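K.L.:
Sequence:
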Amino acid sequence: MKFKSLVLLVALSFCITLNAQQFIIGTYNLRYDNPKDSGNLWIDRAPVIASLIRFHDFDIFGTQEGYKNQLDDIINALPQYAYYGRGRDDGKDKGEHSAIFYKKDDFNLLDKGDFWLSQTPDQPSLGWDATCCNRICSWVYFQHKKSGSKFYFFNVHYDHQGMQARWESSKLILQRIKNIAGNEPVIFTGDFNGSHKSEWYQAIANSGWLHDTYRQVKYPYANNASHNGFGSTKDSNDIIDHIFITKDFSAHKWGLLTDTYHGKNPSDHFPVLTEIIFTPHRIYTSSNAHAHNDYIHPVPFYTAYNAGFGSIEADVFLRDNNQLYVAHNEKDIDRTKTLQSLYLDPLKQILLKNKGDVYADPSKKLILLIDLKTTAEPTLLALLEILKQYKTLTGCSTLKIVITGNQPDVTALTSYPAYIYFDGNLNKTYSAEAIKKIGMFSDNLQNYTSWNGNDPLPVDDKNRIETAVAKAHQLNKPIRFWGAPDSQTAWEQLMNMDVDFLNTDKISEITDFLNKRSAKR
Numbered sequence: 472m473k474f475k476s477l478v479l480l481v482a483l484s485f486c487i488t489l490n491a492q493q494f495i496i497g498t499y500n501l502r503y504d505n506p507k508d509s510g511n512l513w514i515d516r517a518p519v520i521a522s523l524i525r526f527h528d529f530d531i532f533g534t535q536e537g538y539k540n541q542l543d544d545i546i547n548a549l550p551q552y553a554y555y556g557r558g559r560d561d562g563k564d565k566g567e568h569s570a571i572f573y574k575k576d577d578f579n580l581l582d583k584g585d586f587w588l589s590q591t592p593d594q595p596s597l598g599w600d601a602t603c604c605n606r607i608c609s610w611v612y613f614q615h616k617k618s619g620s621k622f623y624f625f626n627v628h629y630d631h632q633g634m635q636a637r638w639e640s641s642k643l644i645l646q647r648i649k650n651i652a653g654n655e656p657v658i659f660t661g662d663f664n665g666s667h668k669s670e671w672y673q674a675i676a677n678s679g680w681l682h683d684t685y686r687q688v689k690y691p692y693a694n695n696a697s698h699n700g701f702g703s704t705k706d707s708n709d710i711i712d713h714i715f716i717t718k719d720f721s722a723h724k725w726g727l728l729t730d731t732y733h734g735k736n737p738s739d740h741f742p743v744l745t746e747i748i749f750t751p752h753r754i755y756t757s758s759n760a761h762a763h764n765d766y767i768h769p770v771p772f773y774t775a776y777n778a779g780f781g782s783i784e785a786d787v788f789l790r791d792n793n794q795l796y797v798a799h800n801e802k803d804i805d806r807t808k809t810l811q812s813l814y815l816d817p818l819k820q821i822l823l824k825n826k827g828d829v830y831a832d833p834s835k836k837l838i839l840l841i842d843l844k845t846t847a848e849p850t851l852l853a854l855l856e857i858l859k860q861y862k863t864l865t866g867c868s869t870l871k872i873v874i875t876g877n878q879p880d881v882t883a884l885t886s887y888p889a890y891i892y893f894d895g896n897l898n899k900t901y902s903a904e905a906i907k908k909i910g911m912f913s914d915n916l917q918n919y920t921s922w923n924g925n926d927p928l929p930v931d932d933k934n935r936i937e938t939a940v941a942k943a944h945q946l947n948k949p950i951r952f953w954g955a956p957d958s959q960t961a962w963e964q965l966m967n968m969d970v971d972f973l974n975t976d977k978i979s980e981i982t983d984f985l986n987k988r989s990a991k992r
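Sequential numbering from 472 applies to the sequence shown in the working numbering.
Source of the hints: derived by calculation from the structure; they are not laboratory data.
Just so you know, these numbers come straight off a predicted model, no measurement behind them.
A portion of the hints provided could be inaccurate.
[Said to hold, decoys possible] No more than 20 Å apart at the CA atoms, straight line, and that leaves these computed lysine to any residue pairs for SDA-like: (1) Lys942 <-> Tyr892; (2) Lys724 <-> His527; (3) Lys907 <-> Asp880; (4) Lys718 <-> Asp880; (5) Lys824 <-> Lys871; (6) Lys617 <-> Ala798; (7) Lys871 <-> Gly827; (8) Lys844 <-> Leu789; (9) Lys574 <-> Asp593; (10) Lys942 <-> Ser618; (11) Lys844 <-> Ile906; (12) Lys808 <-> Lys824; (13) Lys617 <-> Lys871; (14) Lys735 <-> Thr900; (15) Lys574 <-> Thr591; (16) Lys616 <-> Thr900; (17) Lys942 <-> Ala548; (18) Lys617 <-> Asp593.
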């Protein structure tokens, strides 16, 4: 018994390790390209900064003060990186940037944006009592290519004079990060022009959801101030450059990089490096459940819908003058059970009740997966004809109609209306336009394993499943496996492998299981 417990513990540890990613994150005020910096000109500092970045091997780092020519010099020296960030003066290239650099082979840039630290944050502007400069915060929404994990990265440079501007900037930043990122993981870097004692720093540090990596590390390597003034700041220990993270991350190393060249500092700030572990704490709910063969239940559609399912499946046969009947086999066809009566009409009434959304909570979405059991093209044409009567459904942003089963050729997917999506096959190759028509990926779990759901999942099988999940996530699509064991132990294992939709015929059981599991967290 003890041996089995040890094996289980090792297996769980292995799973946690696989799901976690380690990143080297930095923040670096580059010092703007000032021709008056005699002895510390950018032309001399640029190759040293590039060497520093290369050696310390940052995965992502935020920069402050860099002009466009400085950012381009870094990219020219380090082509493995790309960056995003707009100039603070005109929202294009002019002036200093709060640019974010990232390894382009490791991360996809899914979204990006900027806002100014002012009362008019959506346009270049001075804020509050600031008199010198516009201040900008740039952000990027990343996807880690290998794991498929996503997170936001914000980078900022606070004003150096206005006390109100710095305090108001923290309030604005907290509000904007919440609005942009919601509950998703966040990394926030920047030059705060404020130490751990400053009110604007404390507003972030005491927010309850952004945590300073400096304070998470038992022994931070901080033997100097982070601002060195090219050697003029020798007696201070104030840290004014900070890296914050949400609870999805944990820091295990933090340090000021006091690298020099010929006794000189590459910038008037030392860069900050932190190593973090990213373990996404995904919370599964009934929105992650897929009602397989939904129509077999005594009350089709409503049972799964009332449980809050995120995906519901109906098998259809084309018969009797373009009518679509819902049944598992042709011999089971009941002329009273049509796609319209069981699914489309109830959805129409629900959208009317919820003012155009599938669920009362507009953040919740639903996939209606229609499994074509008869020849693809004529069955789809019949479906499109029926859907002309349901424009509230086809125009609903929280409902996605996805076709599975018999499908047209991959090359024909883009010829169907924008509201029609298809169930993807991981073994097929899709063009950039065709992949936009894929609503999800589905596969038979038996193609990967003969696992019964109770015994330990063989490591090789687990690796194959995780590879498939990562492939779907790299394409920014959810995935489900049919033919999977339908039990609590199986659901738990599939969630550990980050499978998006849990395939089930046990609606009440999985709902209770997920509700209890999420309540514990």
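K.L.:
Determine which of the earlier numbered hints do not hold for this structure and return their numbers in increasing order.
P.N.:
Going through the list in order, the structure violates hints 4, 6, 9, 11, 12, 13, 14, 15, 17 and 18 and respects the others.
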